[in-house]
Structure formats: C-alpha cells, structure tokens
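*Asks:* Chain by chain, the residues:
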Amino acid sequence: MTTIPLLQASSAPHKILVTQESPWARWILTLLALSFLSLFLLLPLVAVFFEALKKGWDVYIAAITEPDALAAIQLTLTAAAIAIPLNLAFGIAAAWAIAKFEFRGKSILISLIDLPFSVSPVVAGLIYVLIFGLQGWMGPWLREHDISIIFAVPGIVLATIFVTVPFIARELIPLMQAQGTEEEEAAIILGANGWQTLWYITLPNIKWGLLYGTILCNARAMGEFGAVSVVSGHIRGLTNTLSLHVEILYNEYNSAAAFAVASLLALLALITLALKTFIESRVAQKTSR
Amino acid sequence: MSTFKQYSVLPGFNLALGFTLLYLSLVVLIPLSAAFIHSAKLTWPEFWSTVTAPRVIASYRLTFGASFAAAVVNAFFGLLVAWVLVRYPFPGKRLVDALIDLPFALPTSVAGITLTAIYAGNGWIGQYLEPLGIKVAFTPIGVFVALTFIGLPFVVRTVQPVLEDIEKELEEAAAMLGATRWQIFRRIIFPTILPALTTGFALAFARAIGEYGSVIFIAGNIPMISEITPLLIITKLEQYDYTGATAIAVVMLVISFILLLIINLLQWWVHHRGIKV
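The listed protein sequences derive, respectively, from chains E and H.
Anchor point for the first sequence: position 280 equals 280 in the UniProt record's numbering, and the numbering is continuous, going up by one each time.
Anchor point for the second sequence: position 34 equals 34 in the UniProt record's numbering, and the numbering is continuous, going up by one each time.
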C-alpha cells in the first residue's frame with residue numbers, strides 16, 4: 001500500500017524536471033547560443049549599416065545615386081526580372097510532372113534539379129565561358145554574327161539563371177506531392193481542361209509555396225557574386241551588378257561607397273527574411289486551423 | 001510507355017516533363033558537360049600534373065581544411081542554437097529564428113567585405129584579437145570565419161525540425177528509469193538527431209568547398225597560404241589558361257557530385273530513421 005503514495009510523491013515534483021535541464025544549465029546554454037549568433041550574425045549585419053553611414057548621409061546618398069551605381073541597380077533588376085519568370089515556369093512544370101505523376105527515374109530527376117546548388121559558383125560561370133567565350137564551342141559562330149554573351153548582359157543573365165534553377169522547383173515539389181492529385185482529377189473528370197485545372201485548382205493551392213520560392217530565388221538572383229563575376233568582365237556601367245559593384249568600390253579602397261551599395265543588398269536580405277517569416281507564419285496558421 | 005509511366009487521368013505529363021528536361025539540359029546539363037569535354041583536351045598525365053601542382057594542392061588543403069573546421073564548429077553551435085530555439089523560451093525568439101537564415105539571404109560579397117571590416121586589425125573584433133597575436137583577416141583563419149558564417153543555417157535548419165518531432169515520452173520513460181539528463185541526451189536524443197546533424201554537417205561542408213564571394217575579401221589570397229581552390233580557377237581564367245582552369249573545375253565538380261550522393265544517402269537515413277526505433 002505504501003508504494004502508491006510514494007510513487008505519486010516522487011513523480012509530482014520530478015515531472016517538471018525530467019524532460020528539462022536545471023535552470024542554470026538552460027540559462028548558460030541560451031546565453032552561449034545567443035552570444036554565438038550575436039557574434040556571427042548580428043554583428044556583421046550591424047557593421048554593414050555602420051560602415052555605410054560612417055562618413056554621413058551625403059556620402060551615402062552620393063554613392064548610391066552615382067551613374068555607375070544606378071546602372072548596376074538596373075542590371076541587377078534586369079537579370080532577376082528575366083531569371084525569375086523562367087525559373088517559375090520551370091518550377092511549375094517540373095513540380096507538375098514530378099508530383100502529379102508516377103514515372104521511372106523520378107528520383108534521378110529530382111537530384112538533377114538540385115545539381116546547381118552543389119556546383120561552385122565559380123565553376124557555374126566557367127562552364128558558360130567554355131561554351132560562349134571567344135575560345136569556346138560557339139565562340140567563332142558568335143563572333144561572326146557579332147553577338148557577345150560573355151562579358152555582356154546575356155552571360156550575366158545565364159549565370160544568374162543557372163544558380164537559381166532549383167529554388168522554386170524544390171519548394172513546389174514536396175508541397176504538391178503532399179497535396180496529392182484528387183482535386184485535379186475531380187476537375188478533369190468534371191470537364192475542365194489541363195490549363196483550367198492548373199489555373200483554378202493547382203495554382204491557388206500552391207500560391208504561398210510559389211511566393212516563398214520566388215522570394216528565395218530573387219534574393220539569390222540579385223545577390224549572386226561568384227558565377228556572375230566570372231562571366232561579367234567587370235565593365236563599369238555596363239556589366240556590373242550591385243554585388244560586383246561592391247567589389248570594385250572595395251578594391252578601389254572606397255570603403256564608404258562599397259558599404260553604401262552593400263547596405264542596399266543587406267536591406268534586400270532583411271526584406272527577404274521578413275517576407276519569408278511572414279509566409280511561414282501564414283502557412284503555419286493555415287495548417288493548424 | 002506503360003512501363004515508364006503509370007496511367008493517370010491528368011493531362012500535361014509529356015509537356016511538363018518535356019519542358020523540364022529541355023530546360024534542365026540547356027541551362028544545367030549541357031553546360032556542365034562542357035567542363036568534362038573541354039578537360040578531355042588534356043592527356044591524363046597533363047591533367048594529373050595540372051591538378052596536383054604544389055600551388056593547387058596547397059589550395060585544396062586550405063579549402064578542405066577550413067571547410068571541415070567550419071562545418072565542425074557549425075555542427076556544434078548549430079545543434080546548440082537549434083536546441084535552444086526548440087526547447088527554451090526567451091524574449092525575441094522569433095526574431096532570432098528569422099535571423100538564422102541571414103547567411104542565405106545576404107549576398108556573399110556583402111558578407112565578405114563586412115567580415116573583413118570586423119576582423120581587420122582596426123575592426124570591431126580584430127582590434128582585440130591583434131594584441132593577443134591572433135590575426136584573422138588576410139590569413140587562413142579568416143577563410144575559416146567566412147565559411148563558418150556561410151554554413152551556419154544548414155545545421156540549424158536540418159536539426160531543428162527533427163528536435164521538434166522528438167517524442168517526449170521516451171525521455172520521460174528514461175528519466176523514470178533513473179537516467180540522468182546527460183545520459184538521456186547521449187543515449188536517446190543524440191542518436192535520434194545524429195542523421196540530421198550529419199546531413200547538416202555535410203551540407204555546410206559542401207557549400208563551404210565551393211564558396212567564393214565571402215572568402216576572397218577576408219582571405220588575403222596569398223598563393224600557397226591563403227588561396228582557395230575556386231580563386232585558383234579564376235586566376236587561371238584571367239591568364240587565359242582555360243584548360244588549366246577547367247581541369248581544376250572538373251576535380252571540384254567530381255567532389256561535389258560525390259558529396260551530393262552522400263547527402264542524398266544521409267537524407268534517406270533521416271527519413272527512414274523512424275522505422276528502426
């Protein structure tokens with residue numbers, strides 16, 4: 001008889017402790033984690049804006065409104081504006097084929113889509129030089145027809161597309177796989193055609209995933225450095241993206257201007273993180289409801 | 001056809017798969033094959049002597065060594081951060097959680113110049129390390145710092161969901177049977193998160209090996225000492241040594257393909273971990 005109260009007595013105060021560490025251990029672990037994050041993430045973020053504004057607002061404004069900077073902004077936006085719609089179309093097509101159908105070699109296809117993530121950005125740039133550069137496969141033909149791709153805008157766009165290929169597809173594939181095919185099948189059986197099904201059934205279902213993938217794709221497209229650096233040729237005002245402009249200014253020891261331009265990209269990163277968090281909380285709300 | 005694809009009432013398979021394969025071939029597969037085909041211009045001994053030249057070997061040593069060290073540090077602190085985020089309440093937690101992905105979102109050139117500014121001799125951290133005789137910027141330690149920054153989200157984001165899914169019942173049962181908290185962590189929690197932790201480590205390592213933008217500013221790029229392999233490819237390209245650049249690129253591609261294979265196997269391990277338990 002004595003065993004019952006004993007068990008209750010020992011388990012009641014114990015229960016709070018068993019799946020948790022002692023308060024001081026929790027306090028130390030939290031402090032350690034937050035110090036590491038402050039040192040490695042927060043400090044660099046603060047430093048960008050601090051260095052950018054070190055010489056005052058006038059220098060800052062001048063650095064981001066000079067013609068070369070404006071040309072860099074324009075080129076960065078252009079490259080993203082071309083790369084994102086193409087990768088959106090690719091992402092939707094790939095996810096439709098992979099998530100809605102069963103076919104052989106599917107897992108190989110999924111791995112191939114992820115391939116650009118595991119290729120060094122420098123190698124990504126190099127392979128386009130090997131094809132379109134003067135000594136490349138298509139070099140003589142391109143020169144005859146007076147088309148330049150490497151050290152010109154098309155090369156930058158191509159390199160940007162390469163490094164951002166997987167972003168939208170890899171968001172959509174698991175999402176559409178989880179949603180299954182019942183709704184689309186019902187639409188088809190009720191007489192809708194394929195495009196109607198895609199437009200009225202599938203796309204509304206995946207809109208948050210699409211937005212999420214697009215935001216990540218955009219951040220990488222606008223910020224890519226290595227791949228673009230190889231194919232760009234660094235011609236100021238012509239083939240300079242924002243990321244490359246930062247490098248040029250920095251190498252000219254124009255630190256304040258470099259950080260001013262860098263702060264624009266850091267701002268883009270912050271907006272990306274905010275939107276990403278917002279979408280994640282929207283999706284979490286939806287699934288919990 | 002029936003052996004290749006199962007029947008479905010849904011239309012658009014041929015169009016969707018056709019477009020996917022065409023796009024992937026034009027943008028990714030054919031360009032990548034160019035590297036392998038171009039490197040075939042070299043005979044095997046030429047290829048071998050290019051990719052094993054002393055300066056290239058030194059760059060492998062730095063790239064792989066610094067990437068490994070950074071991935072180890074990230075595995076430790078990434079696990080700690082994921083643990084604290086999942087288990088302990090503290091003010092500003094959502095903000096901290098959002099900030100974890102900063103290295104994904106921040107362009108690498110911005111990360112590069114900022115880390116250099118912080119760790120230079122007159123920088124916020126550098127000025128305290130310099131008197132101690134520790135030089136970070138323009139040394140191999142700088143490469144390590146940049147790669148740690150770049151790799152952090154990988155470990156946190158792979159371990160976090162697994163920690164969230166852990167069943168508390170197992171821990172409770174172990175505690176009732178008299179296990180200490182440390183024993184529970186070592187014998188129950190750690191084996192459960194090990195596949196995810198290894199995957200995160202491999203992802204951080206793979207990313208670090210190819211990293212260029214954030215490293216070149218802080219590395220100082222001294223041949224034989226602080227020159228990473230991707231930079232060597234660029235250096236060769238700038239000297240119009242396309243074949244030499246391609247040979248090194250092929251070595252890097254082969255290594256990334258092997259890592260990709262290992263990561264795929266690890267992810268399979270993460271997903272099938274539940275069956276054994």
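Hint data in this document are derived by calculation from the structure and do not stem from the laboratory.
A few of these clues could be false.
[Stated by the list, open to error] According to the in silico footprint, chain H covers these stretches of chain E (three or more CB under 8 angstroms from chain H):
id : stretch
1  : 28 to 39
2  : 53 to 63
3  : 126 to 135
4  : 142 to 149
5  : 179 to 190
6  : 199 to 206
7  : 232 to 238
[Claimed, not checked] Below, computed lysine-lysine pairings styled on PhoX-like, alpha-carbon distance capped at 25 angstroms:
id : chain 1 : residue 1 : chain 2 : residue 2
8  : H       : LYS5      : H       : LYS93
9  : H       : LYS5      : E       : LYS286
10 : H       : LYS93     : E       : LYS276
11 : E       : LYS106    : H       : LYS168
12 : E       : LYS106    : E       : LYS54
13 : E       : LYS207    : E       : LYS286
14 : E       : LYS276    : E       : LYS286
15 : E       : LYS207    : E       : LYS106
Just so it is clear, CB atoms sit at the ideal spot from N, CA and C, and this is done for glycine as well.
*Asks:* Look at each hint and say if it fits the structure.
*Replies:* Right, here's what the structure says about each hint:
1. 28 to 39: holds (count 8)
2. 53 to 63: Coverage by chain H is violated for the stretch 53 to 63 of chain E (0 residues, Cβ < 8 angstroms).
3. 126 to 135: Holds, because 8 residues of the stretch 126 to 135 of chain E bring their Cβ atoms closer than 8 angstroms to Cβ atoms of chain H.
4. 142 to 149: With 0 residues close enough to chain H, the hint is violated.
5. 179 to 190: holds (count 5)
6. 199 to 206: Coverage by chain H is violated for the stretch 199 to 206 of chain E (0 residues, Cβ < 8 angstroms).
7. 232 to 238: violated (count 0)
8. H:LYS5 to H:LYS93: 47 angstroms, violated
9. H:LYS5 to E:LYS286: 34 angstroms, violated
10. H:LYS93 to E:LYS276: 16 angstroms, holds
11. E:LYS106 to H:LYS168: This hinted pair is violated, its Cα atoms lying about 36 angstroms apart.
12. E:LYS106 to E:LYS54: Not satisfied, since the Cα-Cα distance of roughly 53 angstroms exceeds 25 angstroms.
13. E:LYS207 to E:LYS286: This hinted pair holds, its Cα atoms lying about 13 angstroms apart.
14. E:LYS276 to E:LYS286: With a Cα-Cα distance of about 15 angstroms, the restraint between E:LYS276 and E:LYS286 holds, given a limit of 25 angstroms.
15. E:LYS207 to E:LYS106: 24 angstroms, holds
Comparing the model with each numbered hint stated earlier shows that hints 2, 4, 6, 7, 8, 9, 11, 12 do not hold.
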